[in-house]
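Each protein sequence line maps, in turn, to chains C and B.
So in the numbering used here, the last spot in the first sequence is 255, and the numbers never skip.
So in the numbering used here, the last spot in the second sequence is 153, and the numbers never skip.
I should point out that these hints are in silico values taken from the structure, not numbers from a laboratory.
Using N, Cα and C, we set each Cβ at its ideal position, and we do this for glycine too.
Don't take every hint at face value.
Over the 12 angstroms line for every Cβ pair with chain B, so calculated as not near, a few chain C residues [claimed, not checked]:
no. : residue
1   : 190
2   : 212
3   : 234
4   : 243
Just so you have them, the derived chain C footprint on chain B, three or more residues with Cβ under 8 angstroms [claimed, not checked]:
no. : segment
5   : 6–17
6   : 65–74
7   : 115–121
If you want a taste of the chain C side facing chain B, the calculated C-beta under 8 angstroms gives, among others [unchecked claim]:
no. : residue
8   : 41
9   : 43
10  : 45
11  : 48
12  : 49
13  : 50
14  : 51
15  : 238
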Amino acid sequence: MSSRAQQKAAARQARLEAEAADRRRAARRRGFARLGAVSALALVVVVAAVVAGPTGGRDAGSPAPAASATFDGIPQDGISLGSPTAPAVLTEFADLQCPFCATYARDVLPAVIDRYVRSGRLRLELQVLSFLGEDSVRAGALAAAAARQDRLWPFTDAVYRSQGPENSGYATDAFLRTTAEATPGLDVARAFGDRDRPRALATLAEAERTAEALGVDHTPSFHLRRGDGPARPLEPSALTAAAFTAALDEALAAR
Amino acid sequence: MSPRRLSLAVAALSVIGAAIAGYLTWVHVAELQPYCVGGGGACERVQSSPYAKLAGVPVAAIGLAGYLAVLASLLLRDRSVTAFLALVGAGFSAYLTYLELAVIDAICQWCVASAVVMTALAVAAVARMYESIVRQTPDEAAAAGGHTRRHVA
Numbered sequence: 001m002s003s004r005a006q007q008k009a010a011a012r013q014a015r016l017e018a019e020a021a022d023r024r025r026a027a028r029r030r031g032f033a034r035l036g037a038v039s040a041l042a043l044v045v046v047v048a049a050v051v052a053g054p055t056g057g058r059d060a061g062s063p064a065p066a067a068s069a070t071f072d073g074i075p076q077d078g079i080s081l082g083s084p085t086a087p088a089v090l091t092e093f094a095d096l097q098c099p100f101c102a103t104y105a106r107d108v109l110p111a112v113i114d115r116y117v118r119s120g121r122l123r124l125e126l127q128v129l130s131f132l133g134e135d136s137v138r139a140g141a142l143a144a145a146a147a148r149q150d151r152l153w154p155f156t157d158a159v160y161r162s163q164g165p166e167n168s169g170y171a172t173d174a175f176l177r178t179t180a181e182a183t184p185g186l187d188v189a190r191a192f193g194d195r196d197r198p199r200a201l202a203t204l205a206e207a208e209r210t211a212e213a214l215g216v217d218h219t220p221s222f223h224l225r226r227g228d229g230p231a232r233p234l235e236p237s238a239l240t241a242a243a244f245t246a247a248l249d250e251a252l253a254a255r
Numbered sequence: 001m002s003p004r005r006l007s008l009a010v011a012a013l014s015v016i017g018a019a020i021a022g023y024l025t026w027v028h029v030a031e032l033q034p035y036c037v038g039g040g041g042a043c044e045r046v047q048s049s050p051y052a053k054l055a056g057v058p059v060a061a062i063g064l065a066g067y068l069a070v071l072a073s074l075l076l077r078d079r080s081v082t083a084f085l086a087l088v089g090a091g092f093s094a095y096l097t098y099l100e101l102a103v104i105d106a107i108c109q110w111c112v113a114s115a116v117v118m119t120a121l122a123v124a125a126v127a128r129m130y131e132s133i134v135r136q137t138p139d140e141a142a143a144a145g146g147h148t149r150r151h152v153a
């Protein structure tokens, strides 16, 4: 092969290698762009899931879920639910922002009412605390006003069913008004007028005092009092209807 | 690490993650208390919290579906699918861990284990995709870029 032919072949080889290197560089650029796009898309999906996901509460002003029939036909008096002559009283300490209090209200309370309260074996008391934040204070004040109308239990039930993300500022007047309007039998205008009055504030202060006296340090917390006896902590192994009623049965049967 | 080893690592982590998520799904559906070292209170607290469901579906079941999807995506030629699924899983796991620490105030050991596995899975899946990008042969590069120009002289 002549020298000229060799030079031509070498030049061709160099050109092919340069083009291959160009193709590799271009493919890498596209690959990294694709990796970036995949990461960005993943981020968008995660943010969307977080926004619409497990913490998604109801927007202020949107309709509250329909009231349940859980409390229908049961005597209500202030913070109490059930017969005034019931031989035992179960006191719950709750913060309306506490997600576990909402779990209890949703999953356990209906069973407790059906099994013990409707039959007159137990009276329930709800002591509303407001330690989690400003949303707790605002919702708690209206709850205390609802207690003045003997509508504490259905009001808190309505709050729990619309509970928003903790301390997100969701408990606005618009949110509370919509929730109050979903509470059967509650005079909404009167409740809003009462929420800053001494009797409502006294109800909340009494709850704080009682909690402190009993050493309550978390919510929901439960104490059972039989007759004139002392209040004793009730500590179910789990917040399920089965676990709770088992603990309650045991406590009621204990001597 | 070679692409083959990275693929094996992704497969192994997916199986481990699916086992953890499968267990949590089972205890959720059967309403059992998950076994936790030092007592099951914290695990039960997390599992029974309102954050344990997304649109009515147990988060554990979503995790199980995610791990199985990552495993199935290994059959695809396009490695970006695996990386995408693993990154979504890792991001959501990070959010759930934040909820445990800052909101629920309880740590479920199974959930933390799943978050660690999912994070490792995301690292391996992204590394696998990165390897495929930097190790492309000229033919693969040409195929990826769609250049079919041929030299005839």
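- Does the no-contact call for residue 212/C survive, Cβ to all of chain B over 12 angstroms? holds (20 angstroms)
- Does residue 51/C pass the interface hint, meaning its C-beta sits closer than 8 angstroms to a C-beta of chain B? Since the shortest Cβ distance to chain B is 11 angstroms, the answer is violated.
- Would the least Cβ to Cβ distance between residue 190/C and chain B come out above 12 angstroms? The assertion about residue 190/C holds, with a minimum of 31 angstroms to chain B.
- Query: Holds or violated: is there a CB of chain B closer than 8 angstroms to the CB of residue 41/C?
  - Reply: holds (6 angstroms)
- Task: Double-check residue 238/C for me: the hint is only fine if its C-beta lies closer than 8 angstroms to a C-beta in chain B.
- Result: holds (5 angstroms)
- Task: Classify the hint on residue 49/C as holds or violated, based on whether any CB of chain B lies nearer than 8 angstroms to its CB.
- Result: holds (6 angstroms)
- Task: Count the residues of the segment 65–74 of chain B whose CB lies closer than 8 angstroms to any CB of chain C, then report whether that count reaches three.
- Result: Check failed, 0 qualifying residues.
- Cβ contact check, 8 angstroms cutoff: the segment 6–17 of chain B against chain C, three residues minimum: violated (count 0)
- Measuring from the C-beta of residue 43/C to each C-beta in chain B, is the shortest one below 8 angstroms? holds (7 angstroms)
- Task: Grab the minimum C-beta distance from residue 48/C to chain B and call the hint holds if it beats 8 angstroms, violated otherwise.
- Result: violated (10 angstroms)
- Message: Quick check for students: does the CB of residue 234/C sit more than 12 angstroms from each CB in chain B?
- Response: holds (15 angstroms)
- Outside-interface status for residue 243/C - nearest CB in chain B farther than 12 angstroms: violated (8 angstroms)
When each numbered hint is compared with the structure, violations occur for hints 4, 5, 6, 7, 11, 14.
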